[in-house]
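Chains as they are written, first to last, in UniProt numbering: chain A, 1 to 410; chain B, 1 to 410; chain C, 1 to 410; chain D, 1 to 410.
Simulated from the structure, these hints should not be mistaken for laboratory data. Errors might be hidden in some of the hints.
Since the list can't tell identical chains apart, any single copy or any two copies may satisfy a pair.
[Stated by the list, open to error] For lysine to any residue, the following SDA-like pairs were computed, each having C-alpha atoms within a straight-line distance of at most 25 Å:
1) K403 with D237
2) K243 with V56
3) K243 with G74
4) K55 with P210
5) K55 with Y25
6) K243 with E159
7) K243 with R122
8) K243 with P206
9) K243 with P44
10) K55 with E159
11) K403 with R122
Protein chains: 4
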Amino acid sequence: MDFRHSDRSLALQEQVRTFLDEHVYPAEHTFEGQAAAYRAAGTPFRTPEVLAGLKVEARSQGLWNLFLPDAEHGAGLSVLEYAPIAELSGRSAHIAPEAMNCNAPDTGNMELLHMFATPEQREQWLDPLLAGEIRSCFSMTEPDVASSDATNIAATIIEDGDHYVVHGRKWWSTGAMRPECRIAIVMGVSDPDNARHARQSMILVPLDAPGVTIERSTTVFGYDDGSHGGHGVIDFDHVRVPKENLLGPRGGGFMMAQARLGPGRIHHCMRSLGMAERALELMCERAVARTAFGRPLSDQGVVREWIAESRIRLEQARLLTMKTAWLIDTVGVRGAATEIAAIKVVAPREALWVLDKAIQVHGAAGVSGDFPLAEMWAGLRTLRLADGPDEVHLRSIAREQLKPYLPPRS
Amino acid sequence: MDFRHSDRSLALQEQVRTFLDEHVYPAEHTFEGQAAAYRAAGTPFRTPEVLAGLKVEARSQGLWNLFLPDAEHGAGLSVLEYAPIAELSGRSAHIAPEAMNCNAPDTGNMELLHMFATPEQREQWLDPLLAGEIRSCFSMTEPDVASSDATNIAATIIEDGDHYVVHGRKWWSTGAMRPECRIAIVMGVSDPDNARHARQSMILVPLDAPGVTIERSTTVFGYDDGSHGGHGVIDFDHVRVPKENLLGPRGGGFMMAQARLGPGRIHHCMRSLGMAERALELMCERAVARTAFGRPLSDQGVVREWIAESRIRLEQARLLTMKTAWLIDTVGVRGAATEIAAIKVVAPREALWVLDKAIQVHGAAGVSGDFPLAEMWAGLRTLRLADGPDEVHLRSIAREQLKPYLPPRS
Amino acid sequence: MDFRHSDRSLALQEQVRTFLDEHVYPAEHTFEGQAAAYRAAGTPFRTPEVLAGLKVEARSQGLWNLFLPDAEHGAGLSVLEYAPIAELSGRSAHIAPEAMNCNAPDTGNMELLHMFATPEQREQWLDPLLAGEIRSCFSMTEPDVASSDATNIAATIIEDGDHYVVHGRKWWSTGAMRPECRIAIVMGVSDPDNARHARQSMILVPLDAPGVTIERSTTVFGYDDGSHGGHGVIDFDHVRVPKENLLGPRGGGFMMAQARLGPGRIHHCMRSLGMAERALELMCERAVARTAFGRPLSDQGVVREWIAESRIRLEQARLLTMKTAWLIDTVGVRGAATEIAAIKVVAPREALWVLDKAIQVHGAAGVSGDFPLAEMWAGLRTLRLADGPDEVHLRSIAREQLKPYLPPRS
Amino acid sequence: MDFRHSDRSLALQEQVRTFLDEHVYPAEHTFEGQAAAYRAAGTPFRTPEVLAGLKVEARSQGLWNLFLPDAEHGAGLSVLEYAPIAELSGRSAHIAPEAMNCNAPDTGNMELLHMFATPEQREQWLDPLLAGEIRSCFSMTEPDVASSDATNIAATIIEDGDHYVVHGRKWWSTGAMRPECRIAIVMGVSDPDNARHARQSMILVPLDAPGVTIERSTTVFGYDDGSHGGHGVIDFDHVRVPKENLLGPRGGGFMMAQARLGPGRIHHCMRSLGMAERALELMCERAVARTAFGRPLSDQGVVREWIAESRIRLEQARLLTMKTAWLIDTVGVRGAATEIAAIKVVAPREALWVLDKAIQVHGAAGVSGDFPLAEMWAGLRTLRLADGPDEVHLRSIAREQLKPYLPPRS
């Protein structure tokens, strides 16, 4: 066992840290100002302009597509090596991930395309995504069913001559509202008579295809999440796409969704920890700066205990996430199933704990827009539901734990 | 001991329940639609029109100013009798309290005026408030100091001939953004050389007085809280008001703020429980309606445990709040100090617990604007900070508990 | 609503408080010393001698059988009136309940006999129990099945001519080890073909009947609970008792067990709160007396928060228990089912919370026998399992809550 | 980063696992039986005889003194390599550690002697300890002061000619009651005028020295912990020992205590996790074996959630402990201070969480002596106080976290 990062990873972390210090943090104020101005102008889903320059800078430094474990298009980093980069990007979650072309859901979509796309599909969609020229969304969850159970999914993908007809209503298609978003990866039932987990397929649906209506964006608490493209509610009304648009094997949707989740979970979790680390810094800063009842908040035992607990909880969540990354690298997503489920529960939960305390230390300012805490909290709270609520993941872990004790099913 | 409500209280509860069923719930959709339209039109702080009719209806039914423990202007209810009315109003917290002219912060302000205003002050401000014609705000908290320690307050009220000059910057002046808001009760230091708790006074400052600038509204987890007038950041820049505007005794600000808090806490806490009761209903409805992994969520043991715990927690919080109300009625705010502090911690905390589980049962829908849960959560989370964070109240309770064990101070 | 105790109840509480101060607390040291001496002598289940005098004193003061809601044999107190007496007795739980002939499981057994016994059964068993001359045990739980589901019970009560033959193995028959214990109320299946909840009966089995073997006593976190008679593991091996020994209606065992539980839960819960109140006092005393890092523990914010939380939690648990008592008095055990389940979860849980913190404030002394905290903790922890684990009670509450939302069963 | 154990460590773990399976688990029943018999015979502190053979077996297999990071006397394992061995030994905590001569407090004492003893001291005390022929105790904590603050320690070590006079009263000298215990390492104030942390020294006091009285053993919950020598309360009444008995540098007591704690914490924490892992196994076994309300407990969602949470919590606590071990190996005890404090809080806390749930799944059997759960719980609860309560460690962590935010002390 060795808890030291590789030299390469340490160097890269240092480089990203410098990029954050020199370019990202200084741009935060401008970014939020531009987002507010777009909102006031009735165009909340425009991407703040300041981002363009940051993308150029990041790309010029080689801080581009680092998430992709492919030496040709990405940096060839292992999941374990990329994890601390994801954490650092989470410290400025509105800007840094996208500046480095490492933002969700595009990362997951690019991974899917990288693994499963045909050369034509790659050229048309993956290349501009890797170049950061267009954006994409992932349309799986549906408003009408408990989508935590993927077999509930009701949208259909029906063969009709040279085409597939995609029909259904999706929501939480994050990023779909932004003008740059061109393509949706849609999950639906193509083979209803197959075995339970072989019924779904994934298909590429251009957002300008006839029959696609982006109805509206759902809010998250009171946030429209405009600067990263909102969360689209999309109606796919008998949308016809050529057969060539099928992504990966027919009936392979469920399996591909699982594959997509592994590294994506690491990214989400590490970014969550990055947010929480930043919140902890804000908590410490505020605690030493504010005085009540004759002494700084940082002298209050209760506040001290929160700070200590925060350190402990983040360290534990990070270690578990890093180990999970290592498992994905060494034994694969399947072999890491229990841990992938575990971090999905742990990282947002612990990050939320830290955020809650940071808010409390800030007083009413903490719930306001004057500090980033409330918005970070809202995003993290959503992660307890995205990709299935905590309870579904705990259920999977328990099933695995109980296996040795149960009689084999005949 | 007798846990039964009085006949009068039961009858009134029944009447309010009917008012909610017949008038308030059916108006919710319209209310939110109007609020959204105003927001889209750039006037988020307008009061949705539908409210006007509801006020007429409530008043015609005698459901008006029930909060005021005065038989002439209110209904002459004890705090204990009013408490369950407050809870019911919390079930539709955007509409019902204001429809019945029982909404914060006007209730607290009306109480202060009722107790301390001169006849002229009453005529000018209290009467139109009781009539629901104007609205008011309370300007105590300041952005630059930890206002949980009221002795930190820095705004000044300085005598100058026939006037007082009010100077300072306040925030979280809830309701200040609405057009109908005319008057602020401002707390400031008038007598800096007095004993620590006799330095502040309260003064009436019309919002159209020269020197008053309402800078902006702070958000709460992304919500502008527009339909009830936002939360104003107000700059009072050497505002001159006649000496007659002083409210109550000079140097009595701290004491008056304390007096204001007692019944107001009951209202806040009961409304919180009303919100949580509604959330629990939504949780049960959703749990029976959604199916995952082959059975309704309501058959999942974990969901069942949440529902049971919710019932227990709300019942306990309600009993403590009711007892506190009874104590205020029988031994006064001072005698109920420990309990008033306790419910401030308990009611929002337990209500938040229920809301969190209700959200979880709703999946991603729970954090969106499609259900009222996320917004209720945000409001309740804010209550853990309003009037001082939990920790300040726990501190007070502990001091009281430890008194018998400590040597008397000489 | 009225949160004031009746004058009669207040007077009685005052009398019990004086009895504790003058007689019980001063006897605690002697009691524990005698118990230790008996243990060392290999007779751990002897009742410490000092108790005899306390019983005489209590009886002479009329503090005797107060639990029994019958004016002739008890004091004719309502459940609500007795509840605070039970709490006070919990403050010295080894001594006070038994000194006042109000100790479990005899109270529950006396209630059963009072409600269901024939005149002959009353004369033989109830009268000496009410006189405090003999003791009894209740044999329901079985080591071989999950007894939280009462329908799992496997012991049998089979008719055979003029006799019933009782057969089965029971444990947690509290009090069975003491020499004064003469009689067990045994629950078993008499009518296996009846409906699920009409299969069990209760029967009186003298402990000296042939076939009864008290095998051993189970410990509770290392404690033998010797001074109140341990927890017997009893083998009933084809024990023949006359038909007249059947208690109450045949097939009525389940119903009688439920009826027994209502008031008994109030007693248990209130005694738990009494223990916790005493622990809170010890916590405060220790906190002001011990100094670490330059100041008394009572100056540490974290300790203060524990003390405040303890006060809040105990107050809430007490109110819920009192309301439940009131419900039992006014609408009966059935009408109070949800609340009876709720306090079973709440009272031990909150009391344990307080105990845990009290232990922590005492440092290593807290887990030792030098303070009563560890033993109180162990007893309270057991209450989370006695009469069914928390989870079973939460399950019942949830079922009740969900009823209005579920389709009626056809 | 690499989460794989070294081959050597894996091989050793396998060997220990086999030793447990073949020798230790099968001896558990006998061990507890012998302990019970000694207790009944009034000699509770005798070491059960079966242990002798296990020691011979372990030593013959080379499973002896593995804790000692010294290739000559121990196995030359790093702290990181030994950690999983400690965890495995915790699975049978009464037997395995001592069978392998790796039990506390002897391990810590042997480490101190190994680091600081003179050749004469080594020959007299370390060699027989390493041979498992004698046992030792560590006398630091005092009943009269809050020993969590080591500067409170009041015992004195006063120079008098060729001797030191040791005077004071100690408790929680674990192991002191056993007949084989010969030597105490006593901490006391030798230089009261030195700087705060340079006042204490350690000195070797043979338990048969005149003036040493072992007064009694304190219990832990209801356990005497007899089979591993109880917890002695020792009076050192002006005990004269030769100057040569001073251990390490005079005034170095505090520093030596700190040094002792680092690896010792790893051992304690890993053993705790070993206990919890065994409890989790018992929980799973019971959950599948017991049926209530028509299905096995393992089908109850709540029980499943406990099992999943247990797995997550133990995994997180283990990773943090392993990282801490690695830090001790690579940057030393000082550099690992925050983590050493963190695991002290985390490992017992999480292990207790698991134990609590395991008990709950076992029903009343869980609190009894029929399963090892209650006793494991009691031991783990004590760990939250041993070497300082959680709160002291959280305090240290917070101080470290806040350092960068505070102005430098001038």
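Worksheet item: Can you name, in rising order, the numbers of the hints this structure does not satisfy?
Response: 1, 2, 3, 4, 9, 10 and 11
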